[in-house]
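Novice: From first to last, the protein sequence lines stand for chains C and V.
full-length UniProt numbering puts the first residue of the first sequence at 1, with every later residue one more than the last.
full-length UniProt numbering puts the first residue of the second sequence at 1, with every later residue one more than the last.
A hint or two may mislead.
To be verified - Here are the simulated lysine to aspartate or glutamate pairs, EDC-like style, with alpha carbons at most 16 Å apart: (1) K345(C) / D508(C); (2) K24(V) / E50(C); (3) K183(C) / E376(C); (4) K352(C) / E336(C); (5) K145(C) / E389(C); (6) K100(V) / D77(V); (7) K107(C) / D86(C); (8) K101(C) / E54(C); (9) K107(V) / E50(V); (10) K24(V) / D234(V); (11) K289(C) / E50(V); (12) K113(C) / D77(C); (13) K47(C) / E236(V); (14) K352(V) / E156(V); (15) K24(C) / D77(V); (16) K24(V) / E194(C); (17) K146(C) / E116(C); (18) K65(V) / E21(V); (19) K47(C) / D234(V); (20) K135(V) / E412(V); (21) K20(V) / D112(C); (22) K496(C) / E194(C); (23) K504(V) / E443(V); (24) K289(V) / E389(C); (25) K505(C) / E218(C); (26) K261(C) / E218(C); (27) K221(V) / E54(V); (28) K345(V) / E376(V); (29) K24(C) / E156(V); (30) K47(V) / E387(C); (31) K20(C) / E54(V); (32) K65(C) / D112(C); (33) K93(C) / E218(C); (34) K47(V) / D234(C).
Since the hints were derived computationally from the structure, they do not count as laboratory data.
Number of protein chains: 2
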Amino acid sequence: MKGRLLKVTEALQSRVDGLKELIKRMKHYTEAAALMQWDLETGAPTKSVEVRSEVIGTIATESFKISVSDEMGKYIDELSQPENFDQLDDIMKASIKRLKKEYDRFKKIPSDKYQEYMVLLAQSQAMWKEAKSKKDFSIFLPNLKKIVEFQRLFVELWGYQGHPYNSLLDTFEPEMTVVKLDKIFSELRDKLVELHKRIVATGYTPDQSIFEQSFNIEKQKELSIRVLNSMGYDFEAGRMDESAHPFTLKLNPGDVRITTKYEETKLMSALYSTIHEGGHALYEQNISKDLTYTPLNEGASMGIHESQSRFWENMLARSLDFWHFFQKELMEVFPEEFKGISIEKIYHSINKVENSLIRIYADELTYGLHIILRYEVEKGLITGDIEVEDLPRIWNEKIQEYLGVTPKDDSEGVLQDVHWSAGLFGYFPSYALGNIYAAQFVEKMESDLENYQVMVRNGEFGQIKNWLIENIHRHGRSLSPEELIKQITGEGINPKYFIDYLEKKYSDIYGFSI
Amino acid sequence: MKGRLLKVTEALQSRVDGLKELIKRMKHYTEAAALMQWDLETGAPTKSVEVRSEVIGTIATESFKISVSDEMGKYIDELSQPENFDQLDDIMKASIKRLKKEYDRFKKIPSDKYQEYMVLLAQSQAMWKEAKSKKDFSIFLPNLKKIVEFQRLFVELWGYQGHPYNSLLDTFEPEMTVVKLDKIFSELRDKLVELHKRIVATGYTPDQSIFEQSFNIEKQKELSIRVLNSMGYDFEAGRMDESAHPFTLKLNPGDVRITTKYEETKLMSALYSTIHEGGHALYEQNISKDLTYTPLNEGASMGIHESQSRFWENMLARSLDFWHFFQKELMEVFPEEFKGISIEKIYHSINKVENSLIRIYADELTYGLHIILRYEVEKGLITGDIEVEDLPRIWNEKIQEYLGVTPKDDSEGVLQDVHWSAGLFGYFPSYALGNIYAAQFVEKMESDLENYQVMVRNGEFGQIKNWLIENIHRHGRSLSPEELIKQITGEGINPKYFIDYLEKKYSDIYGFSI
């Protein structure tokens, strides 16, 4: 009997080892393709692009092929059998679940449809760009209609419980549903609109003229390096470069790179981009090494990932406490430019609320409204309640309703984001969820770390970083967002904390009582 | 009949297309692996290295597997059949020949032997480094013995005509033989030794103190960019970075990168490294696009490649004419540092002849003696006339004989070069051949371009670059070195021109009659 059991275990182990090798191989291809992409965005010569794009295609296709290969299917199938599955350790169990979910998703799309969709997306980026630059939605319309049709088809093929949009949400935020989101977003929307009205009513406009100077780019870089060092970003496991759009890219656990974009007249834009990407990068740098070469070696969800960037960027680095520390750093790099400027002046200036048209430039308050608008539009597109042709009109009505502004053309309205041209439906809610999660984490952090406020004021972020690692980062994707937030805070997602945070912050800056 | 002929042609075309696709695929893997290697050497974070090395291994192995695959073998076999081969165009004919040669070479080594050799090489680099740093040949001895045994084995497996060393030479310099090299090198050696004696006899030592200052690194970079621009290096098809050892790397025809190493006290070292790598890069940037995705899309040989770097570095940029132009550039970047320094002083200083122990720091004259020494040693090792144990003694005897110096330990003697630890036997002669080829090219260039000297004095290198492209670069590897030199100069390789060049140059600088 013992001999037989041993034999079973050996056979199981050999399957597990085989699967791990296959995942490793897949990740090797992904890493190679990712480095080439990084290179393209950080300084590859222009004449390299044509061939390099083909090379990325060849290598990325290999990675995709492995993920949907019969070999992968066989491993998943065998290891999902209860008699095998029950013997696996927790990491392998969670890995199998995730692999199976992705494998099934891909397999449900007929390969000719998938091919057709890939070609459509490749064209759509160009069409969107042209439409945006010519401020003409009709240029993008035919492609967007096809993309939306594909999304509807995928939803049908993948299946769903409850609302069809749930199927898309699940891609980015596992277990999130329309029922939950409707409740969260309706509470949030009402409060944001109300708060926004109160702010406007004060008539106060923070002065931002101090940032209208020109700031030396090399010194801006120095400031970025300083802030990343203070956050605990590990430069031995990453590097910082420049690109047209800032991003964080994990190549392997010892190589998580970030980029920033510098402009002489946009000091704060570069600084807060850096902090934002630094927040993402800290997450990726600190996922437990036990998860290397598993499908769990990434963030729990897009929303949780965004909570990490937003925590550092907004909750920490846009706080008055932070500036008690960082003003000194700023003065060391730009002594002339900020001579005689008070901490409060900087604090008010970087937290100015505006009736913004453009999501990526929005303040912490109006940002949520931008997301809710997109969420409502996407739901309507998937159910068919909204037709693609009507998008510009609906967009403009909604932004007038929520923010009291109307785009002068579609380039600053419905055409502003790249996401839909890349087929990313169901992604936008993650941004708002990130803020909500982050506020819940901060609440808990403040109760766990007695001197939280003092630490922030002193720029001593070591314990804060360790709290994030211990509670969030190290788990990677081995817990769902809901498991994670419940494990940390004892309750599920709850917008209350984010609303409280905003009320407190803006009533203080704009001088009204709550 | 016509129909049948058409059918044959179609079948043939489909084979040719299939082979091209296979080569393309192989090159895609090579490019991905090369970019990762570039990244490792130009700034990848230290903690990325372990995983990245594995990824490179995975991707490079794929490329190698294709090159020795049954699919490749079948294409080569079919297309080598006279009834097919005769119908191919010249490029495809040359491609098939080259693929067949490499395929046969690899296939002749049993795969377990190849595996063993790869493991040995991987270890040997570390052993060599340790031996060199501890100045102890015995640390490297066991590995070097095994590597030499493998070289002897390969030579037997590959077969050879005449001398066994021919088989190794052919890898780097197609069609070169010991008979030819013995003749060339013996003529060269006698002249170099004689010339060296005459220089020493003058008692003159050019003053190099002007370069003993400290030079700002950013300004050194600016100087490097200036010289590359003047050479016609295409920055849209390449980029310049820093690494511990300068190198040129072709990723694809639109991406040929170079690196330089800067040290504050070594201005000329960085400048001439840049020019050297720039010479290699110009070659790769200007191979005809017709050769893209063929095995001919590289230099004709290592020797011809080296002729291009040496032409720019030595024959052009170490000439008095060049400094008539470049002194102005130097003064614009370093006005204080070179105030009042004459062109002649710079010219003498950068052409100082020394009894060097280290090859890579050797001047143009003694460099050849370093190579001849290695050539004689390698021949002896392959035939068994020299045993590995005796290397330090033989090395020291020869360098005393040729250069009148004795290393104080093996780190500046037999252990100085990395090549043997990497299995590169038969490579060293290319360096000397490069100088010889370059002198022959210059001779022809001067007769083809009436105002050659004026162009150099004015820093107008456009016609010179075009001459190189037209006569050398565009052909890639579609001609053998011998075909190439004969096509250009009407005669085969001949050391006379290089010797004449050296005599003229050094008699002028050191003031003796020839």
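Novice: Does each hint hold? Answer for all of them.
Specialist: Do the hints match the structure? See the list:
no.	hint	verdict
1	K345(C) / D508(C)	holds (13 Å)
2	K24(V) / E50(C)	holds (14 Å)
3	K183(C) / E376(C)	holds (13 Å)
4	K352(C) / E336(C)	violated (24 Å)
5	K145(C) / E389(C)	holds (8 Å)
6	K100(V) / D77(V)	holds (8 Å)
7	K107(C) / D86(C)	violated (25 Å)
8	K101(C) / E54(C)	violated (29 Å)
9	K107(V) / E50(V)	violated (31 Å)
10	K24(V) / D234(V)	violated (24 Å)
11	K289(C) / E50(V)	holds (14 Å)
12	K113(C) / D77(C)	violated (25 Å)
13	K47(C) / E236(V)	holds (6 Å)
14	K352(V) / E156(V)	violated (44 Å)
15	K24(C) / D77(V)	violated (35 Å)
16	K24(V) / E194(C)	violated (61 Å)
17	K146(C) / E116(C)	holds (11 Å)
18	K65(V) / E21(V)	holds (15 Å)
19	K47(C) / D234(V)	holds (10 Å)
20	K135(V) / E412(V)	holds (8 Å)
21	K20(V) / D112(C)	violated (26 Å)
22	K496(C) / E194(C)	holds (14 Å)
23	K504(V) / E443(V)	holds (13 Å)
24	K289(V) / E389(C)	violated (46 Å)
25	K505(C) / E218(C)	violated (33 Å)
26	K261(C) / E218(C)	holds (12 Å)
27	K221(V) / E54(V)	violated (33 Å)
28	K345(V) / E376(V)	violated (37 Å)
29	K24(C) / E156(V)	violated (39 Å)
30	K47(V) / E387(C)	violated (50 Å)
31	K20(C) / E54(V)	holds (15 Å)
32	K65(C) / D112(C)	holds (15 Å)
33	K93(C) / E218(C)	violated (48 Å)
34	K47(V) / D234(C)	holds (10 Å)
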